[in-house]
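Residue numbers (the numbering used here), protein chains in the order written: chain C, 1 to 264; chain Z, 1001 to 1261.
Accuracy of the hints is not assured; some may be wrong.
Covered by chain Z, according to a simulated footprint, are these stretches of chain C (three or more residues, beta-carbon under 8 Å) [to be verified]:
#1 133–142
#2 223–233
For lysine-lysine, the following BS3-like pairs were computed, each having C-alpha atoms within a straight-line distance of at most 30 Å [as the list claims (entries may be wrong)]:
#3 K1176/Z to K1131/Z
#4 K1013/Z to K223/C
#5 K1131/Z to K1033/Z
#6 K30/C to K1033/Z
#7 K1013/Z to K1048/Z
#8 K215/C to K257/C
#9 K1096/Z to K30/C
#10 K1073/Z to K1117/Z
#11 K30/C to K1224/Z
#12 K1224/Z to K1251/Z
#13 K178/C to K1013/Z
#14 K30/C to K232/C
#15 K1073/Z to K1124/Z
#16 K30/C to K1124/Z
#17 K215/C to K102/C
#18 K1073/Z to K178/C
#19 K1251/Z to K1073/Z
#20 K1251/Z to K1033/Z
#21 K111/C to K215/C
#22 K1124/Z to K1033/Z
#23 K223/C to K30/C
Worth flagging that the hints you see were computed from the coordinates, not collected in a lab.
Every residue gets a Cβ at the ideal spot worked out from N, C-alpha and C, and that includes glycine.
For reference, the chains in residue letters:
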Amino acid sequence: MKKYKYLISRRTTQAGVLFLFFAGNAYGWKLLRGNLSSAKVLDVMPLSDPFAVLQSYAAGATMAGDALTGALIIFLFYALLGGRLFCGWVCPVNMVTDAANKLRKSLQMDKEQHSMEIARGVRYWVLGLSIILSTVLGVAAFEWISPIGALHRGIIYGMGFGWAFVGVVFLFDLFAVKNGFCGHVCPLGGFYALTGRFGFLRIGYDKDKCTLCMKCTDICPEKQVLHMVGRKSGAVLSGECINCGRCVEVCNDDAVKFSSIYSK
Amino acid sequence: MPERRQFILNGIKSLGLATAGGLAWSGFIEEGKSAPLVLRPPGAIPEKQFIASCIKCGMCVEACPYDALVLAKPEDDTPIGTPYFTARTNPCRLCKDIPCVPVCPSGALDKTLVSDKGENGELKLNINLAKMGLAVIDRETCIAYSGIQCDACYRACPLIDKAITVEYTRIERTGKHAMLAPVVRSSACTGCGICEKACVTRKASIFVLPRDIAMGESSIRYVKGWESRDEERIKDVTEDVKTKTPRSGKKPVDYLNEEVF
């Protein structure tokens, strides 16, 4: 059970947030209304996706107070807390891509097949493109095609053909690139990687305790952030870490732990 | 200098792929944007600004007590994730407290568009100011225009005798019957679509279209002298002629003296 402590907590928050949104629409619960694009807590505190608001600005919209305040709250929350907490703990697509990855593993895709590879930095290109296209076309460009939006909107308000967007991500991650969408393409992940770079909560690594079993890099969806394993102790400084804590769970030597950005 | 060459080639490759991706992406968006027949919630700002501002949160949909508003799914012929309603199946009921508008976080639904301004500048909601669309009548299929006494839309209209009136005319063909024909008044019609829902013909003969589709626009200079104070519209209109044609250099009186046609 201890081995899955964080995994279970993550699934609980991911499903819990979705359920509260769903209940807000279906049963009129007031705890969380709206969806992951913009929401209201107890009819008082607004929350908004800062990347979606940024795109709307680029598209030429004059956003009213609530969307702006909400975006600021969410931006500060994740920027201070650190890393891509949203991706690991809230975003529903994480469950889809984790499922694809699990199936990929049990089919032994990576051993039997040559894996397709694309650069981790593609997400920053897509991030830039999102802003440029929003400016040129006058709509929030990523929100238009976002499988994240299709999934949470679908679950809360009715799915329709939105399955296609989610299916593409699942199949892409399963058959094309390992950790393809969340780890390479998604511009929202890129956005939080940039803004969460200086946040507090980090994975800390202790070289003295490490036995180099490499289970942590094996399980990590963003391997490149664990480049220090076997080399030197310290915190994971890259903003690309989604703070999922899988590395902490699989480590049998107590060498990987949640810690702060200041840990040496 | 193979390294420099490599670097430049990598840069070109990335730019090229980004362009390719961007083109496909914008093609998809442009195709989806062209959905002019959509009916938006009350208080919606003009469509072009609306699709830029709407954050697709669905809070207006949650607020709608009649479940008339829905968020567009990919298969709906409307920009994805934006709210709309379908008049024939579930029209807007024109709630007095307009629950869908104040909850909008992004300003895509603007309270000022559905409010009267009080003396102290405070806003008082007035749903009758909504301009979601305009009902239009197909006179060829509307049975009232064939002489049958049907006033379903007129009776259903929340602004009865303002948005829909009934015009009495004599049916010349028989010489002894009256036609009670419904007529829509664009100044009062909110575009709620209740008439479209009420229409008894197989496919509705009165239906709501977005106002910019349903209406024409004439020059501001056509003054209706028989309407009180209609003249005031042209008070600030300049006398400059902006249209330039081969003839516009001449004075209007020249046309009376020359053969121009």
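Next on the checklist: Taking 8 Å as the Cβ threshold, is the statement that the region 133–142 of chain C is covered by chain Z upheld or broken by the three-residue rule?
Outcome noted: Three-residue rule met by the region 133–142 of chain C, so holds; n is 7.
Next on the checklist: Can you confirm whether the C-alpha distance between K1073/Z and K1117/Z stays at or below 30 Å?
Outcome noted: violated (36 Å)
Checklist entry - K215/C and K102/C: Cα distance at most 30 Å? => result holds (15 Å)
Checklist entry - For the pair supplied as a hint, K1013/Z and K1048/Z, is the alpha-carbon distance within the 30 Å limit? => result Roughly 35 Å separates the two Cα atoms, so the pair is violated.
Checklist entry - Are K215/C and K257/C close enough, with their CA atoms no more than 30 Å apart? => result holds (14 Å)
Checklist entry - If you draw a straight line from the CA of K30/C to the CA of K1224/Z, is it 30 Å or shorter? => result Judged against 30 Å, a Cα distance of about 53 Å means the pair is violated.
Next on the checklist: Just to make sure I understand the rule, a stretch counts as covered if three or more of its residues have a C-beta closer than 8 Å to a C-beta of the chain. Does the region 223–233 of chain C meet that for chain Z?
Outcome noted: Since three or more residues must qualify, the claim that chain Z covers the region 223–233 of chain C is violated, with 0 doing so at under 8 Å.
Item to check | Given hint K1124/Z paired with K30/C - CA-CA distance at most 30 Å | outcome: Holds: K30/C and K1124/Z sit about 26 Å apart, inside 30 Å.
Checklist entry - Holds or violated: K1251/Z with K1033/Z, Cα cutoff 30 Å? => result violated (45 Å)
Item to check | Agreement of K223/C and K30/C with the hint, judged by alpha carbon distance not exceeding 30 Å | outcome: With a Cα-Cα distance of about 40 Å, the restraint between K223/C and K30/C is violated, given a limit of 30 Å.
Next on the checklist: Just to be careful, I want the Cα atoms of K30/C and K1033/Z compared with a cutoff of 30 Å; is the pair within it?
Outcome noted: Distance ~33 Å between K30/C and K1033/Z Cα, so the pair is violated.
Checklist entry - Given the hint that K178/C pairs with K1013/Z, does the C-alpha gap stay at or below 30 Å? => result With Cα atoms ~22 Å apart, K178/C and K1013/Z stay inside 30 Å; holds.
Hints 2, 3, 6, 7, 10, 11, 14, 15, 19, 20, 22 and 23 from the list above are not met by this structure, while the remaining hints are.
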